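Each chain, written out:
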Amino acid sequence: MSTDLKEALFAYTLRLGDTSLVLGHRLSEWCGHAPELEEDIALTNVALDLVGHARMLLTYAGELEGKGRDEDRLAYRRDVFDYRNHLLVEQPNRDFGHTIVRQFLHDAWAVELYERLCASKDDTLAGIAAKAVKEVRYHVRHSGDWLVRLGDGTEISHAKVADALGRLWPYTGEMFERDEAEQALVAAGIVPDPAGLKAAWSARVEAVLEEATLDRPADGWMQKGGRRGEHSEHLGYLLAEMQFLPRAYPDATW
Amino acid sequence: MPDAAGCWGPEPGADAVVKAAWDALAGVMDPEIPVLSIVDLGIVRAVSADEDGRLSVALTPTYSGCPATGVIVLEAETALARARLDARVSVVIAPPWTTDWISDSGREKLAEVGIVPPPHSGKRSLTAPDEVIACPRCGSEDTRQISRFGSTACKALHACNACLEPFDVFKCH
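Protein chains in written order, with UniProt numbering: chain A, 1 to 254; chain B, 1 to 173.
Hints were generated in silico from the structure; no laboratory data involved.
Remember, predicted model here, so these are calculated numbers, not experimental data.
Among these hints, one or two may not hold up.
Negatives, chain B to chain A, calculated, CB over 12 Å [unchecked claim]:
{"no.": "1", "residue": "K19"}
{"no.": "2", "residue": "R88"}
{"no.": "3", "residue": "I93"}
{"no.": "4", "residue": "I146"}
{"no.": "5", "residue": "E165"}
Listed next, the in silico DMTMM-like pairs over lysine to aspartate or glutamate satisfying Cα-Cα at most 25 Å (straight line) [stated by the list, open to error]:
{"no.": "6", "chain 1": "B", "residue 1": "K171", "chain 2": "B", "residue 2": "E141"}
{"no.": "7", "chain 1": "B", "residue 1": "K109", "chain 2": "B", "residue 2": "E141"}
{"no.": "8", "chain 1": "B", "residue 1": "K171", "chain 2": "A", "residue 2": "E39"}
{"no.": "9", "chain 1": "A", "residue 1": "K198", "chain 2": "A", "residue 2": "D163"}
{"no.": "10", "chain 1": "A", "residue 1": "K134", "chain 2": "B", "residue 2": "D86"}
{"no.": "11", "chain 1": "A", "residue 1": "K67", "chain 2": "A", "residue 2": "D163"}
{"no.": "12", "chain 1": "A", "residue 1": "K198", "chain 2": "A", "residue 2": "E71"}
{"no.": "13", "chain 1": "A", "residue 1": "K198", "chain 2": "B", "residue 2": "E108"}
{"no.": "14", "chain 1": "A", "residue 1": "K121", "chain 2": "A", "residue 2": "D193"}
{"no.": "15", "chain 1": "B", "residue 1": "K171", "chain 2": "A", "residue 2": "E36"}
{"no.": "16", "chain 1": "B", "residue 1": "K19", "chain 2": "B", "residue 2": "E131"}
{"no.": "17", "chain 1": "A", "residue 1": "K134", "chain 2": "A", "residue 2": "E115"}
{"no.": "18", "chain 1": "A", "residue 1": "K134", "chain 2": "B", "residue 2": "D23"}
{"no.": "19", "chain 1": "A", "residue 1": "K67", "chain 2": "A", "residue 2": "D145"}
{"no.": "20", "chain 1": "A", "residue 1": "K134", "chain 2": "B", "residue 2": "D104"}
{"no.": "21", "chain 1": "B", "residue 1": "K19", "chain 2": "B", "residue 2": "D86"}
{"no.": "22", "chain 1": "B", "residue 1": "K109", "chain 2": "B", "residue 2": "D15"}
{"no.": "23", "chain 1": "A", "residue 1": "K121", "chain 2": "A", "residue 2": "E71"}
{"no.": "24", "chain 1": "B", "residue 1": "K171", "chain 2": "A", "residue 2": "D145"}
{"no.": "25", "chain 1": "A", "residue 1": "K224", "chain 2": "A", "residue 2": "D251"}
{"no.": "26", "chain 1": "A", "residue 1": "K121", "chain 2": "A", "residue 2": "D179"}
{"no.": "27", "chain 1": "A", "residue 1": "K67", "chain 2": "A", "residue 2": "D251"}
{"no.": "28", "chain 1": "B", "residue 1": "K171", "chain 2": "A", "residue 2": "D40"}
{"no.": "29", "chain 1": "B", "residue 1": "K171", "chain 2": "A", "residue 2": "D251"}
{"no.": "30", "chain 1": "A", "residue 1": "K198", "chain 2": "A", "residue 2": "E180"}
{"no.": "31", "chain 1": "B", "residue 1": "K109", "chain 2": "B", "residue 2": "E75"}
{"no.": "32", "chain 1": "A", "residue 1": "K6", "chain 2": "A", "residue 2": "D79"}
{"no.": "33", "chain 1": "A", "residue 1": "K134", "chain 2": "A", "residue 2": "E71"}
{"no.": "34", "chain 1": "A", "residue 1": "K134", "chain 2": "A", "residue 2": "D40"}
{"no.": "35", "chain 1": "A", "residue 1": "K134", "chain 2": "B", "residue 2": "E131"}
{"no.": "36", "chain 1": "B", "residue 1": "K171", "chain 2": "A", "residue 2": "E7"}
{"no.": "37", "chain 1": "B", "residue 1": "K109", "chain 2": "B", "residue 2": "E32"}
{"no.": "38", "chain 1": "A", "residue 1": "K224", "chain 2": "A", "residue 2": "E182"}
C-beta: ideal position from N, C-alpha, C; glycine also.
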């Protein structure tokens, strides 16, 4: 693999790993606070899977970079501006409905992405995708079921998820962005074309929204920047909590 | 895949150290479902020996974030060391683990402790509509799913409408 392509793959893998890690951390914040015990367990189970994906992806990113950074170094020793996750996943937890909407919008994208990444010409990425896709297919069923139940539920639950959908929709555009480096990866058959994901994602989302009696928001102004390290203030607070221990006690081991 | 008898183990004619390693690993129980050995669970992916008799053992996680993976690696290393075997244990992710790899004896052991074993994926997939699941205690087919996620990553929680008992179902994966 050429140096340029390797650098592009590092950037790509880092974005995907960071997105999984940050969303996994957000879900873990529900531990002990979900509206019912079963959901407490479900959200933290999904969090575990996502952190598992992040571990595989960040380990691989570290190998591609070749500067000796492992998964922990990448997760715990980078500040906000070095994180490359989507802005969608760093949005703070509001109510349960908001968490479900955020999760569903992400899950629907993750399923479409990993299904295509299984065919990557990069064996490691294809292996990670084949492992992850089985789990995210389960996640999207869970978040989709809840979205239908809340959307097609009571007046209050409908209003809450409709509100969350409006708030979060402007963060969905970032999932389909593509820069020059990614263009090279697409051309090399290593990653799927993000633009091609959009139609499949839209179809998946619209089918569930219809069942949930929710209107699909119009694609207006889309927030962007997370993929380049330009984040909302929320990510700093998340990292402060997530990175406290390794920053207070560098190189500590169990 | 497990052999015709639904079991995992060394290839016929394998070295004595490879057979000894499989025996040692068959004694390592899954920390979260301690009726199943890691061999029953199908997560011992390969055991091989080099010319000097040094063993390489490959394990695979059930779920990406399974918190038991680290403990399982440690316990496998301990069991191999106790059997005085020189082995290096590594974790591989491809091909991804599937519940089809749970041995037939493993399925029987799950059923004995009241955990509904997973059907073979050829018969039912994760994304197919839920099929009838019989209560492992009273046998009634009048059951319902309480939650897609149970006490461990690999199980879902169901309940019986007849005898009212909740029970675990191993998710088809």
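Does B/K19 sit more than 12 Å from chain A, CB to CB?
29 Å, holds
25 Å Cα cutoff - pair A/K121, A/D193:
14 Å, holds
Hinted pair B/K109 and B/E75, Cα distance within 25 Å
21 Å, holds
When you check the alpha-carbon spacing of A/K198 and B/E108, does it fall within 25 Å?
At roughly 45 Å apart (the allowed maximum being 25 Å), B/E108 and A/K198 break the hint.
If you draw a straight line from the CA of A/K121 to the CA of A/D179, is it 25 Å or shorter?
20 Å, holds
Taking 25 Å as the top limit, are the C-alpha atoms of B/K171 and A/E39 close enough?
17 Å, holds
Hinted pair, alpha-carbon criterion (25 Å max): A/K134, B/D86. Please report holds or violated.
35 Å, violated
Compare the distance between the alpha carbons of A/K134 and B/E131 with 25 Å, and conclude whether the hinted pair is satisfied.
Holds - the C-alpha atoms of B/E131 and A/K134 are around 19 Å apart, at most 25 Å.
Compare the distance between the alpha carbons of B/K171 and A/D40 with 25 Å, and conclude whether the hinted pair is satisfied.
Judged against 25 Å, a Cα distance of about 18 Å means the pair holds.
Does A/K67 pair with A/D251 here, judged by a C-alpha cut-off of 25 Å?
17 Å, holds
Given hint B/E32 paired with B/K109 - CA-CA distance at most 25 Å:
Cα-Cα ~14 Å, so holds.
Hint check: A/K134 vs A/D40, CA-CA at most 25 Å. Holds or violated?
21 Å, holds
The structure fails hints 3, 4, 10, 11, 12, 13, 16, 18, 19, 22, 25, 29 and 36 (numbered hints given earlier, in ascending order).
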